[in-house]
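**Q** Residue strings, one per chain:
4 protein chains.
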Amino acid sequence: MNTVHVGCQLNYLVKSPSIFLLNCSVAKNPHQIVTSESLEVLPFSPVEECDVSPLGNRVVRLNAPPGELQIRYAATVGLQTESVDSNDLMETDYEKLPGDILSYLNPSRYCESDKLYRFAIDEFGHLVPGYSRVTAICNWTFEQLAYIPGSTNSTTTACDVLLQRAGVCRDYAHVAISLCRALGIPARYVSGYAVNLVPPDFHGFMEAYLDGRWFLFDATRLAPVGGLVRIGTGRDAADVAFATIRGEVDCTGMGVWATDANPTDERLSPDNVQTGVSSA
Amino acid sequence: MNTVHVGCQLNYLVKSPSIFLLNCSVAKNPHQIVTSESLEVLPFSPVEECDVSPLGNRVVRLNAPPGELQIRYAATVGLQTESVDSNDLMETDYEKLPGDILSYLNPSRYCESDKLYRFAIDEFGHLVPGYSRVTAICNWTFEQLAYIPGSTNSTTTACDVLLQRAGVCRDYAHVAISLCRALGIPARYVSGYAVNLVPPDFHGFMEAYLDGRWFLFDATRLAPVGGLVRIGTGRDAADVAFATIRGEVDCTGMGVWATDANPTDERLSPDNVQTGVSSA
Amino acid sequence: MNTVHVGCQLNYLVKSPSIFLLNCSVAKNPHQIVTSESLEVLPFSPVEECDVSPLGNRVVRLNAPPGELQIRYAATVGLQTESVDSNDLMETDYEKLPGDILSYLNPSRYCESDKLYRFAIDEFGHLVPGYSRVTAICNWTFEQLAYIPGSTNSTTTACDVLLQRAGVCRDYAHVAISLCRALGIPARYVSGYAVNLVPPDFHGFMEAYLDGRWFLFDATRLAPVGGLVRIGTGRDAADVAFATIRGEVDCTGMGVWATDANPTDERLSPDNVQTGVSSA
Amino acid sequence: MNTVHVGCQLNYLVKSPSIFLLNCSVAKNPHQIVTSESLEVLPFSPVEECDVSPLGNRVVRLNAPPGELQIRYAATVGLQTESVDSNDLMETDYEKLPGDILSYLNPSRYCESDKLYRFAIDEFGHLVPGYSRVTAICNWTFEQLAYIPGSTNSTTTACDVLLQRAGVCRDYAHVAISLCRALGIPARYVSGYAVNLVPPDFHGFMEAYLDGRWFLFDATRLAPVGGLVRIGTGRDAADVAFATIRGEVDCTGMGVWATDANPTDERLSPDNVQTGVSSA
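Residue numbers (my numbering), protein chains in the order written: chain A, 49 to 328; chain B, 49 to 328; chain C, 49 to 328; chain D, 49 to 328.
Among the hints, a few may not be true.
Same chains, same names: a pair is fine if it fits in one copy or spans any two.
Said to hold, decoys possible - Capping the alpha-carbon separation at 30 angstroms, the derived lysine-lysine pairs in DSSO-like fashion look like this:
1) Lys76 to Lys63
2) Lys63 to Lys144
3) Lys76 to Lys144
Keep in mind that the hints were calculated from the coordinates and are not lab data.
All figures in this text were calculated on a predicted structure; none of them were measured in a lab.
Take the sequences, apply the hints, and build the full model.
**A** Set out below in structure tokens:
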């Protein structure tokens with residue numbers, strides 16, 4: 049088990065009474081054990097954790113009066129990475145996919161897989177199905193795209209990115225998800241923290257369903273998969289915004305961190321990105 | 049309780065070994081009691097009902113060898129419509145929406161609500177929140193669009209339809225869903241049978257979340273809400289295709305029916321479309 | 049005749065040898081007589097006016113070495129506005145449009161009139177054809193859209209703007225052009241200076257072909273039509289960028305001015321926007 | 049000189065008084081000498097050739113009363129193909145492009161070159177500029193796309209086609225045009241007849257501006273460039289529809305032909321597609 053410290057500090061100027069939905073708390077599951085956790089709101093304000101969503105997303109609700117607002121979340125998490133021989137990980141036959149997995153084959157707001165059937169078959173249809181094919185999709189995505197902050201916005205989709213050949217982490221994930229779905233591989237979006245990400249920020253990556261389980265992939269190569277800490281899970285980035293705000297609010301500052309408590313741990317080295325890591 | 053007979057017959061010419069996922073079985077819930085049901089496949093083939101999805105969609109899986117294939121589904125359903133005073137049905141405050149409902153505020157493949165915030169506020173922001181506002185959205189959708197078979201295809205979205213001002217039932221639903229979400233009203237897509245629909249076909253409609261429950265609406269005015277029989281529920285039409293096929297298959301014929309066993313029942317008259325009907 | 053002073057100053061930091069195509073010189077035609085004009089480049093650099101385009105656009109070419117670059121254009125222009133009774137201005141029958149006007153019925157990059165036939169007919173098909181119908185289109189555009197700097201970018205089209213209900217001057221023009229073309233009224237884009245525009249900037253507006261001539265319209269209502277000074281004419285904004293640059297260049301400052309030499313001239317008052325003004 | 053016979057027969061059922069704009073007459077220029085030509089309309093109706101457009105498009109106008117309508121155009125054309133060593137054909141430096149050519153660098157309705165700068169540079173930026181680079185773009189287009197009748201419609205753009213990887217002749221041309229423009233090579237659309245095209249139909253191809261002249265290319269490889277007969281020239285297919293109709297009209301039949309009067313002429317063999325052929 050590998051222990052990491054993650055967290056964020058968000059500063060706002062609230063101009064009218066506003067409602068915040070925050071989705072920056074680490075998800076609780078057998079792969080990531082939250083050993084300590086705090087959420088501070090200044091000025092003090094009662095916060096309420098909504099019912100955890102069926103996917104395990106922990107959404108916190110907050111009513112904020114006008115004025116300055118500071119939200120600070122911190123957690124210590126034990127990451128349980130399991131060694132798996134990725135060569136053994138096959139795509140699940142279409143007729144054997146469980147009913148609750150099928151929806152991850154469907155196109156979504158930012159992942160128009162329905163437009164990309166021929167594209168995906170042309171580029172990846174000839175490859176051996178399985179973990180290595182998803183890896184090939186991520187490699188291709190990495191090679192095709194330029195990582196350019198500011199090149200996309202909140203309405204940019206995978207198809208937009210395939211044409212403009214530039215994007216940020218969420219766009220890389222959307223492209224890889226779309227291509228997987230077009231090939232019949234269930235895939236979904238994961239928001240999270242990423243140990244040693246430079247520059248520090250929230251991160252977005254994806255997971256694919258192989259051999260009855262979900263496996264994480266990060267097409268950006270910005271962080272080792274073993275250092276990814278899940279916050280939220282959804283069809284695409286539309287489902288896991290770290291903050292959704294109703295009201296008149298300016299963001300005045302934001303800091304995110306994710307550091308390894310055992311920095312020499314080899315599993316976190318970038319050379320290990322392609323190791324099979326079971327995620328849920 | 050109102051009893052209806054629904055069903056469909058689907059004929060295919062299967063050219064290569066193929067997998068069918070069928071989602072044409074009536075959903076089972078307290079509002080629609082399936083009293084008898086049959087699914088016949090000719091030539092005989094074992095069919096398997098997948099795990100029912102979290103939303104209650106009953107997907108049936110079928111491996112079909114090359115040759116002719118006929119699928120025939122029939123059900124008798126008791127529809128339990130509950131009388132509700134729609135004037136009392138309020139929109140749920142954003143801060144009180146349950147965690148598992150929040151995702152129905154998010155944009156989806158065919159419902160780009162994120163592009164329509166200003167549009168929705170301009171057109172409907174001044175109206176009293178509640179059932180009547182969703183009704184106003186459906187009325188507006190009906191008035192803006194022309195119902196033109198063939199005017200849209202499987203990649204057409206709500207935004208496309210708002211521009212071209214024409215569509216079919218799924219497009220009407222997508223537009224109404226998108227506008228609801230843009231206003232902060234959770235909304236989702238429902239596929240189903242519709243009693244006395246002319247011409248007979250599968251139908252698509254929507255439901256909005258009001259006062260802690262889901263209520264059905266049909267912006268097409270093609271069928272009374274009291275005669276809608278749910279098959280599947282999802283974010284939009286991407287989630288509830290009545291048949292998903294992997295393989296080389298031609299559709300050679302299709303028939304759908306939905307008739308009232310008590311045709312004099314007043315609740316099914318088109319004049320009653322706007323009655324509040326709790327749906328789940 | 050009304051005399052106006054217009055001009056601009058553009059400052060750049062050129063990082064690699066670059067080519068500039070500038071289209072900020074006032075077009076020369078019987079409606080706007082350029083009485084004096086200067087173009088200064090610092091450091092001194094030879095500039096070359098390309099062949100004037102068939103539409104009268106005066107493009108200036110400039111090779112710039114690395115370093116600071118300042119371009120300053122100034123002109124004094126006599127605007128010849130002709131009084132026309134707009135009630136007499138009819139749309140030209142389709143079968144009588146000259147061959148060189150037909151292309152202004154075609155959709156273009158930012159004006160997808162081919163997607164808006166039903167939209168345009170629904171909203172404006174019942175109105176009396178002629179100048180007043182184009183005015184109605186401009187009024188509708190003004191009322192539907194919010195003028196929000198930064199709400200659009202260089203890839204935003206008329207359809208995008210109709211959905212998001214916000215834009216800037218070029219977007220207003222694109223919407224009005226698209227709706228005109230969809231109704232069979234030739235329409236095109238004009239870039240220019242606008243007397244007393246607040247804040248001062250380059251401006252974009254449109255013109256429609258009525259009764260054998262082009263007439264200017266400005267759906268933004270930001271400036272009186274009588275004070276519009278044409279720079280370039282094209283199908284849409286794609287044709288008349290004020291500066292097209294090949295090379296690595298940062299814009300470090302920009303100023304634009306357009307002032308009336310006879311500020312009491314009544315024709316320039318905003319109350320007169322809808323007067324019929326023949327433009328070419 | 050090579051002599052070819054081309055023509056078309058168009059049958060319509062006119063349901064309400066309608067206006068036809070036909071653009072199926074062969075363009076007259078030094079490269080294609082029209083030696084005989086006829087246009088028959090049944091029932092007899094006076095036809096009027098509009099002013100020829102600045103690009104040489106010969107648009108014929110026709111008022112049709114209700115009833116059956118047959119239009120038959122036939123021409124014999126001498127094609128003057130000039131032998132050019134394509135290795136010598138360079139791209140024209142940006143600063144030397146004539147003013148009336150610059151607009152063919154701009155994006156247009158179906159050729160969104162402004163979205164494809166990075167795409168074009170990534171794929172073709174490293175190639176030697178000139179005729180061979182345009183050839184490489186056409187080869188790439190041919191290899192990437194599947195020619196599938198019915199896969200696109202009248203609103204499909206180059207970007208749509210790049211994603212769905214399928215299209216017809218006009219789509220191939222739009223993709224090649226867009227990529228050329230994104231690289232700074234002026235490019236435009238040409239509609240025409242194509243000798244020995246199978247199945248016979250109107251054809252769409254493109255031309256690129258190299259060394260001060262326009263050269264034809266056909267990315268579909270369906271016909272030799274030496275057998276292409278120009279009808280219309282424009283920014284993209286929006287400018288050169290072979291028939292534009294206002295009124296209620298059904299097309300009841302259409303035939304197109306283009307045959308070589310000297311079928312042994314070697315220049316028309318498909319092996320010669322890449323020969324440099326000056327087109328205007």
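**Q** Each hint needs a verdict: does it hold in this structure or not?
**A** Taking the hints in turn, this is what the structure says about them:
When the C-alpha separation of Lys76 and Lys63 is checked against a cutoff of 30 angstroms, the pair qualifies neither within a copy, at 34 angstroms, nor between copies, at 47 angstroms. Taking the shortest alpha-carbon separations for Lys63 and Lys144, only the inter-copy value of 22 angstroms comes in at or below 30 angstroms, while the best intra-copy value is 52 angstroms. In this assembly of identical chains, Lys76 and Lys144 lie within 30 angstroms of each other by CA distance both inside one copy and across copies; the values are 28 angstroms within and 23 angstroms between.
In the structure shown, a violation is registered for the earlier hint numbered 1 alone.
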